[in-house]
Amino acid sequence: MFSTSTPPITISAVIGGRRRSRAEVLAWEDKRITVAARKLGVTLPASGDVTTRREALLAAKLEMGSTAIAARFARDVALTDFAARVGAMLSTGRSLVPSQLEVAGGSARDFVDWFFEGVRTSDDAAMLRACPDHYVLRTDSDGRQEVVQATGSSPLATRFFLSYGKSSTLVTPRDPAYEYEISAIAQMADGTLAGGARLQFGDTERGFRARLVEELPRLSPPHMVRQQGWHCVCEFSNWIEAAFK
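Residues in the sequence shown are numbered from 1 upward in steps of one, following this note's numbering.
Since the hints were derived computationally from the structure, they do not count as laboratory data. Cβ coordinates follow ideal geometry from the N, Cα and C atoms, glycine included.
Quick list of the computed label-pair ranges, beta carbon to beta carbon:
hint, residue 1, residue 2, range
1, 86, 38, 25 to 35 Å
2, 8, 93, 39 to 49 Å
3, 48, 142, 32 to 42 Å
4, 52, 226, 20 to 30 Å
5, 68, 176, 43 to 53 Å
My request is simple: use the sequences and hints to build the entire structure.
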């Protein structure tokens, strides 16, 4: 964890070209907490502070464990794996999911270092807490991160593997105005490319900014693409707050 100076971290976001407040992002998260709890078959407080509900969902996920959660979504994954393979045969293009964050406080380098440490150590609590739609995020011995999540608020969970530091198949160019980046390519279990992300961070006078671009398969439904923008802003806002808590 990193200490912050006063005032505390504040975050504003742009999703799909529209500026969104932290309160709007938290309201989206609160709705997805309800959906995730139902998918997992757990009971949470029906209402109340989103932070309390977030922690209750996290506790339920940690109690179930990654292996049990992965087994619960095995049927979903079989269906979405098949769809991904068919989609890859029909189209190799990408649907881009751009979003931006402006952060008052903290620094880009400290955040990126914090994030990679969480990936390296496979910190379940840090990874799962960030978004209700995260079901499994665990790092294997080769450094790949297995992800089972509801991408773009999909009713079916998807499973893919992120290889960090690899970017050769990304279509989003590197922007030299941002000093730091988190890049990764996403592949299905059989190696089929499933997109990736180029997430760039740069310091500002007040803190730092983030240019986040996720790349989904070209045939992803428009609703899923729009919702994934909220997903991305939700997870990175929560990660940033955790990094400088």
